[in-house]
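**Q** Chains as they are written, first to last, in the numbering used here: chain V, 794 to 1109; chain S, 8 to 418; chain E, 1150 to 1563.
Derived by calculation from the structure, the hints in this document are not laboratory data. Hints are not guaranteed to be accurate.
Stated by the list, open to error - Computed list of lysine-lysine pairs in BS3-like fashion (alpha-carbon distance at most 27 angstroms, straight line):
id	chain 1	residue 1	chain 2	residue 2
1	E	Lys1523	S	Lys413
2	S	Lys264	V	Lys795
3	V	Lys795	S	Lys180
4	S	Lys264	S	Lys131
5	V	Lys795	S	Lys257
6	S	Lys176	S	Lys56
7	S	Lys310	S	Lys149
8	E	Lys1299	S	Lys56
9	E	Lys1299	S	Lys36
10	S	Lys149	S	Lys36
This is what each chain is made of:
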Amino acid sequence: MKEIVAFSLLNGAVYGLLLFMLSSGLTLIFSLMGVLNFAHASVFMLGAYFSWQISRWVGFWPALVVAPLLCAMVGAAIERFGLRRVHRQGHVAEILFTFGLAYVIGELVIMAWGRNPIENHVPAVIDFAAFRVFGTSYPFYKVLMMGISVAMFAFLYVAFKRTRLGLIIQAALTHPQMVGALGHDVPRLFVLVFAIGSALAGLAGVIGGFALLTEPNMAANLGPIVFVVVVVGGLGSIPGAFVASMLIGLLQTFAVAIDYSWLDLFRALGWKVAPGSMLREVWSVKLSQAAPILPYVLLVLMLIVRPRGFMGTRET
Amino acid sequence: MRVWLHRIGTGGLAVALLAFAGLAGAQFKMAYIDPLSGGAASAGVNSQKHVVFFADRINAAGGLNGEKIEILSYDNKVSPQESLIALKKAIDEGARIIVQGNGSSVALAITDAVLKHNERNPGKEVLFFNYAAIDPALTNDKCNFWHFRFDADVDMKMAAFGDAMVNDKSIRKVYLINQDYSFGKAVAAAAHKMLAQKRPDVQIVGEELHPLQKVQDFSPYVAKIKASGADTVITGNWSNDMLLLVKAGKDADLKVKWFTYYGGGLGSVPAIGRDGVGTLKQVTEHHKNVLPTLLPEEEAFHKRYTDKSDELYYWRIRNMFAMLDAAAKKAKSNDPIKLARALEGLQLDTPLGPMQMRADNHQLLQPLFVSTLSDKARFDVEHTGLGFVTDEKIDAAKTALPTTCKMQRPS
Amino acid sequence: MRASSRIWLAAAVMLALLPWVPGLQSDSARSLLTQMGIASVFALSYNLLLGQTGLLSFGHALYFGLGGYASIHFLRAINAGLPIPTPFVPLAGAAAGLAFGVVFGALTTRRGGTVFALISLGLGEWVYASTLMLPSFSGGESGITASRTKAPHWLGLDFGSQLQVYYVTAFWLLASAVLLHAFMRTPVGRLANAVRDNAERVEFIGYNPQRVRFIVFSVSAAFAGLAGGLHAINYEIVAAEALSATRSGAVLLMVYIGGVHHFVGAILGAIAITWLQVSLSDYTTAWLLYLGLLFMGIVAFVPGGLAGLAMMHLAALRTHALPAIARSYLVALPFALVASIGAVTLIEIAYRRATQPEAGTLMKLFWIPMDTAKPWPWIGAALLAAAGAFALYRAWPRVASAWAEAGEEMHARA
Chain V
794 MKEIVAFSLL
804 NGAVYGLLLF
814 MLSSGLTLIF
824 SLMGVLNFAH
834 ASVFMLGAYF
844 SWQISRWVGF
854 WPALVVAPLL
864 CAMVGAAIER
874 FGLRRVHRQG
884 HVAEILFTFG
894 LAYVIGELVI
904 MAWGRNPIEN
914 HVPAVIDFAA
924 FRVFGTSYPF
934 YKVLMMGISV
944 AMFAFLYVAF
954 KRTRLGLIIQ
964 AALTHPQMVG
974 ALGHDVPRLF
984 VLVFAIGSAL
994 AGLAGVIGGF
1004 ALLTEPNMAA
1014 NLGPIVFVVV
1024 VVGGLGSIPG
1034 AFVASMLIGL
1044 LQTFAVAIDY
1054 SWLDLFRALG
1064 WKVAPGSMLR
1074 EVWSVKLSQA
1084 APILPYVLLV
1094 LMLIVRPRGF
1104 MGTRET
Chain S
8 MRVWLHRIGT
18 GGLAVALLAF
28 AGLAGAQFKM
38 AYIDPLSGGA
48 ASAGVNSQKH
58 VVFFADRINA
68 AGGLNGEKIE
78 ILSYDNKVSP
88 QESLIALKKA
98 IDEGARIIVQ
108 GNGSSVALAI
118 TDAVLKHNER
128 NPGKEVLFFN
138 YAAIDPALTN
148 DKCNFWHFRF
158 DADVDMKMAA
168 FGDAMVNDKS
178 IRKVYLINQD
188 YSFGKAVAAA
198 AHKMLAQKRP
208 DVQIVGEELH
218 PLQKVQDFSP
228 YVAKIKASGA
238 DTVITGNWSN
248 DMLLLVKAGK
258 DADLKVKWFT
268 YYGGGLGSVP
278 AIGRDGVGTL
288 KQVTEHHKNV
298 LPTLLPEEEA
308 FHKRYTDKSD
318 ELYYWRIRNM
328 FAMLDAAAKK
338 AKSNDPIKLA
348 RALEGLQLDT
358 PLGPMQMRAD
368 NHQLLQPLFV
378 STLSDKARFD
388 VEHTGLGFVT
398 DEKIDAAKTA
408 LPTTCKMQRP
418 S
Chain E
1150 MRASSRIWLA
1160 AAVMLALLPW
1170 VPGLQSDSAR
1180 SLLTQMGIAS
1190 VFALSYNLLL
1200 GQTGLLSFGH
1210 ALYFGLGGYA
1220 SIHFLRAINA
1230 GLPIPTPFVP
1240 LAGAAAGLAF
1250 GVVFGALTTR
1260 RGGTVFALIS
1270 LGLGEWVYAS
1280 TLMLPSFSGG
1290 ESGITASRTK
1300 APHWLGLDFG
1310 SQLQVYYVTA
1320 FWLLASAVLL
1330 HAFMRTPVGR
1340 LANAVRDNAE
1350 RVEFIGYNPQ
1360 RVRFIVFSVS
1370 AAFAGLAGGL
1380 HAINYEIVAA
1390 EALSATRSGA
1400 VLLMVYIGGV
1410 HHFVGAILGA
1420 IAITWLQVSL
1430 SDYTTAWLLY
1440 LGLLFMGIVA
1450 FVPGGLAGLA
1460 MMHLAALRTH
1470 ALPAIARSYL
1480 VALPFALVAS
1490 IGAVTLIEIA
1500 YRRATQPEAG
1510 TLMKLFWIPM
1520 DTAKPWPWIG
1530 AALLAAAGAF
1540 ALYRAWPRVA
1550 SAWAEAGEEM
1560 HARA
């Protein structure tokens, strides 16, 4: 029992921090520009592929630095040459543009690296055990993931609270039109934020690439969950995104460990459900089977009850 | 005189040309419907190579009753819907045999659709050759005359595991983890039955059904396996689900015996590495070290496909084409109904032992091998330095199990 | 006869004659026509949401899929003895779509815009994942099958052949189009347009935008369910991916590429995308890339979609700027062609190298054999693409000024 709790806590924290790495960038972009960037998870995927390719040519540590930079450039290009044309058509058009972009990036990845998952193994330099818990070793690369995530959070926090640029961006997160009226170059700001957001996604991709499977479907697998995090955490709030990612990471991981269903609960309460009834199947679904849908349940409930999210500063 | 020579010459040339055209034009089309993209693509692309390879070998020897086999490939993304669309296209393009294997969910849809098509279109029948979908229902309750299976079903393979487990006293606690669909559930049910029969002393300490091809990170499941104290895991997971599971197991230092259906599939051995030596087991109709030397088909396959991950994994596809070839010779015709009748009861010798196609439920009986990963094998898998070594061989005839199949035969 | 009735009659006649056109008489061609018909009904229902009411939904396939499941279960009941002929099965789908539309709509239509889009996404994923957990309803991974011929014969037909299935689909397509077109003329339909354009003003004139959205949503879900029913009849199987995010994405692509501002745009888009999915995939494995690029191009440059493009050209036919436009096309189109050939070649050889290495390096594109292992196809294609694109860039101002002329004229006339 203790082992399950300990491991679920660790694994859930790692997964949650991965989600945070991915969603911090999207929160920035969404909050500042109102653009629901469907291509964000695709940039994450690009980060994983770039890092693998660069590792093969040069090594892992350079890849850790260069891949996010490449992703930043990709993000800046998307905003400068793509989205800028579409801004004046409204939010729907922006969403649709990034939607199509997600398809296109996915296909470009296939064109470059093929349809099969690539052997993105943990690089030998970080492939060892970090510590032992209850007789099982915990791999170092997962500890590295957690470290990078927390460092990212700290960096974002300090950058926004202490630097001038950070203050401008903070203001623009809640009052974008006013910031423009005050004379700041808002379009340039947009490009910068897109670049930063994409760099964060790329960094997440470098680590996530070997924790998960690096394949062209990566973006589609993780994409919807990232939206859930951004919405549940709330617009304009990085701490909100952190809370939401940890919540969802832990929730999903713990849920997998729980083999009980509504039926077990009913039985404990002494209620009977007739065998063979249609709803019995609904009640007999175990929480571990239902784990993948919990984030979406949270999303729908949050949007109905409190569209602002946990710590959001404004609605869309 | 000259006129006659002229006429004979022209006539002869015409006949020769016609014959040549006849030979070149006549094609026996087979449709390959399996995932060529998405999560199971590695398995689908790999088996496609096998299908093309063995079809080419038959063509090189003259084809089927003079007709060259042409393979039409369709990507079904393991979706029953896409498969039926592909089936329609394939039939429209003239395919006479449908080949599929990855996913019993798809196979159930195809066998149903083929039955409907054949009933509604007499004279345009097609056959369904199933090389890997091993849900037992396909040769029992859902059997039909047009479907032929070339892989041992779930129960047959579990019985083979039973033979291997019977004397292994180190197995005391078993954990079952499978994919949540008809095949995975069949594996779990078969495991229960087999253990109750052959090893009633063994305790099943946990059971898990996870979503098919959707789980990215198996570490929570591995944590549960560890917590249960199991020393053995039985799983039918395939493709990404298999290699991610063993990868997570390796990350968490999980020390169990893995009894798997597809542990030797593409990517799994590299994923588990040395941790699998002595612990990763599989039940298959072939592995590289079954005989002291490589078979000529294996050598030829490796010559043609030189990628690191290219292995002759689907020996049953070789068996499938061997049976097709023999049936075509026996029936002296490529008509699907005649081929099907020729296949029923057909016996053939192979380098691994004799095999036979059952007439009652169209299940192929071929020798089965339970093997374990070893670092002392002569031939390794995917350039890892590790290969499989036989624990048990079960003869074809002994793999047969009772059937509930009652199929309607065309008159 | 009124003009609109004449159009409907013409459409009915065309639908009836379509499967007899030479070249469309094979089973696979009629199957393609049927698929286009089903997609058209689905796209029309989605256009009601997106084009007419401004509601962007990423989970519309939910109602299509649930309607499909309801229909296939209904068909199974018919197989077991229920005395209803097969053509009436889509009604079960419509009823299920309506029921679920009402239930989910009540929860989700309180707001529009991005919030609505996100809820639809979340709800779609939620229900999709849940269906796999309820095998008796959804058949799990295998789906649910039924037979469309084990039913009472109607008008002497057993509905086994593709031709008969096509006519059933064509009938329901026509009925749906007539009904939806009429619906847009009702007060609720007009209000939907108003809500799309300015929801706040609708409140000022005394109507509740949320109520309007709810009604439109339910109607749209009903027709999506109808399309699901047609799908169930055509394939005789419904599996979980009938309500997947991929299908929701596909209908969004259809409606947007076809043109959101026009009723006929949905049908145009459905036809185009179905053809691309079914036929283009036979020629090239890169078809999804072309589709994505087409979509992005339309969003960025031609927001009116294919229908909008067609309408624009039809209007320009009557202006004096027509010769100028034609001349500018004469200059620009060849460059566009050259650029496209270069780009397509580059894409195709890259795909061949990355995804089909065992097919070898020799291939034939545009009737020219080439070896992807050598550098010259790559360089040649890149040069063609670059040169064509540059020339197009230089020739574009001509096109733009010709259209500006035409625009002035149309504006002055209007």
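**Q** Which of the listed hints are not met by the structure?
**A** 1, 4, 6, 7, 8, 9
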